[in-house]
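Numbering (the working numbering), first residue to last: 1 to 355.
Since the hints were derived computationally from the structure, they do not count as laboratory data. A portion of the hints provided could be inaccurate.
Straight-line Cα separation of at most 20 Å, EDC-like style, residue types lysine to aspartate or glutamate; simulated pairs [stated by the list, open to error]:
#1 K71 / D83
#2 K136 / D169
#3 K114 / D54
#4 K292 / E151
#5 K282 / E156
#6 K282 / D169
#7 K281 / E168
#8 K102 / E64
#9 K146 / D169
#10 K114 / E132
#11 K65 / E92
#12 K183 / E248
#13 K281 / E132
#14 K20 / E41
#15 K282 / D165
#16 K33 / D83
#17 K102 / E60
#18 K105 / E64
#19 K33 / E132
#20 K292 / E159
#21 K281 / D165
#22 K183 / E250
#23 K221 / D318
#24 K20 / E60
#25 K292 / E156
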Amino acid sequence: MAVLKPDNYHDEQNLQNIIKLRAVLDTLPSFCKTFFRGIEEYTSTRTRLAYAYDIRMFFEFLHEKNSVLAKTEITDYPLSVLDQVTRLDIQEYLEHISLYQKDGKAITNDERGKARKLASLRSFYNYYFENEMIEKNPAALVPLPKLHEKEIIRLEPNEVAILLDQVEDGTKLTKKELEYHKKTKVRDIALLTLLLGTGIRVSECVGLDISDINFDVNGIKIRRKGGYEAVIYFGDEVETALLDYLEERERIIPAEGHENALFLSLQNRRIAVRSVENLVKKYASRVTTLKKITPHKLRSTYGTSLYQETGDIYLVADVLGHKDVNTTRKHYAAQADERRRRAARAVQLREKRKD
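Taking the hints into account, I'd like the entire structure generated from these sequences.
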């Protein structure tokens, strides 16, 4: 039997997600497979896997809290069980996941976590209801939790400069960290400069292959959420950092199967998302202790700077890969408000009188 070898990082991730999804489906009622087949054409493997985890959590809640359903294994639940669930059951489920114990650990879900899990249930119920396979749709009767706007956490221009200087010289690193720093400095500078200079997602960054860079136009080809490809352009600072790293990268012998990867770990394998999150945390903690800086916050930093420079919300949405410009507008509304305040101060109607 031939072994399936994915052509690239994204195909490999999709393959792993499919394998994980099948494992989760084995723990769910058999009728759930109909739902996942039904949404396959217009959802990513990552989205379907997230739905599967959320739906399993709901069935686990019913099995634990409902005395009637507790007598039947989850895998043996018939489709009719969906008509037995009431709006109150779903409301109690959302209350439950605010704080619960699992494997000896306390797990919490804030308003956004609960909203996502309710959205998964709504899609699940809508599928069976619209296909006339169930009579009731209690999930549609439960309102989504009200989401409070979160302040955009980002680095100020001076903090960006300090961060990159810190990566360059490593003065605030521990002795142990400095040992690794000698080996990863050039890579880390290139990686962080790329994130700060393009606003790409960390998953898009780690998925880059060497062949995805085109220095003729200073662009990188990335795979966006949803699977479509896009070319993002970069400036001189990113170009210099990438060229420096590629010179070093040529001397590295990558592990088998990782020959095409742009950014490599110390094990000479494609760097993982978690590794990028850890290195951002390591360097950023030396710059500011008041802000929790993650790769996504570097993306926010770029988006804010781009909006401040251009005032073009549609350009920011396009570059960041937001499908809905309202998502971008919601995130950067505060910046627009500050621009309006500056406009009010910019116009002087009369000269101030001298006393």
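Against the structure, the hints come out as follows:
1. For a cut-off of 20 Å, the pair hint linking K71 to D83 stands: about 18 Å separates their Cα positions.
2. A C-alpha spacing of about 63 Å is found between K136 and D169, which places the hinted pair above 20 Å, so the restraint is violated.
3. For the suggested pair K114 and D54, the alpha carbons sit about 10 Å apart, so the restraint of at most 20 Å is met.
4. Among the hinted pairs, K292 with E151 is consistent with the structure: their alpha-carbon atoms are about 12 Å apart, no more than 20 Å.
5. A hinted pair counts as satisfied when its Cα atoms are at most 20 Å apart, and K282 with E156 qualifies at roughly 18 Å.
6. Proximity of K282 to D169 is assessed by CA-CA distance (about 14 Å); at most 20 Å being required, the pair is judged to hold.
7. Taking the CA atoms of K281 and E168, the gap is about 16 Å. The hint holds against a cut of 20 Å.
8. Restraint check: the Cα-Cα separation between K102 and E64 comes to about 12 Å, which is no more than 20 Å; the hinted pair holds.
9. About 45 Å separates the Cα atoms of K146 and D169, which puts this hinted pair outside 20 Å; it is violated.
10. Distance check on the hinted pair: K114 and E132 sit about 27 Å apart at the alpha-carbon level, beyond 20 Å; violated.
11. Of the supplied pair hints, the one linking K65 and E92 holds, its CA atoms being roughly 10 Å apart against a limit of 20 Å.
12. Under the criterion of a C-alpha separation no larger than 20 Å, the hint pairing K183 with E248 is consistent with the structure, at around 10 Å.
13. Taking the CA atoms of K281 and E132, the gap is about 49 Å. The hint is violated against a cut of 20 Å.
14. Distance check on the hinted pair: K20 and E41 sit about 18 Å apart at the alpha-carbon level, within 20 Å; holds.
15. A threshold of 20 Å between alpha carbons decides the hint, and for K282 with D165 the separation of about 14 Å falls inside it, so the pair holds.
16. Using a Cα cut-off of 20 Å, the hinted pair K33 and D83 holds, with the two alpha carbons roughly 18 Å apart.
17. Between K102 and E60 the alpha-carbon distance is near 11 Å, which keeps this suggested pair within the 20 Å criterion.
18. Taking the CA atoms of K105 and E64, the gap is about 17 Å. The hint holds against a cut of 20 Å.
19. For the given pair, K33 sits about 16 Å from E132 by alpha-carbon distance, which is consistent with the 20 Å threshold.
20. The straight-line distance between the Cα atoms of K292 and E159 is roughly 13 Å, inside the 20 Å bound, and the hint therefore holds.
21. Our distance criterion of 20 Å between C-alpha atoms is met by K281 and D165, whose separation comes to about 15 Å.
22. Distance restraint check for K183 and E250: the Cα-Cα separation of roughly 14 Å lies within the 20 Å cut-off, and the hinted pair is therefore satisfied.
23. For the proposed pair K221 and D318, the alpha carbon gap of about 14 Å is at most 20 Å, so the pair holds.
24. With a CA separation close to 18 Å, the supplied pair K20 and E60 stays within the 20 Å bound.
25. Under the criterion of a C-alpha separation no larger than 20 Å, the hint pairing K292 with E156 is consistent with the structure, at around 13 Å.
In the structure shown, a violation is registered for the earlier hints numbered 2, 9, 10 and 13, in ascending order.
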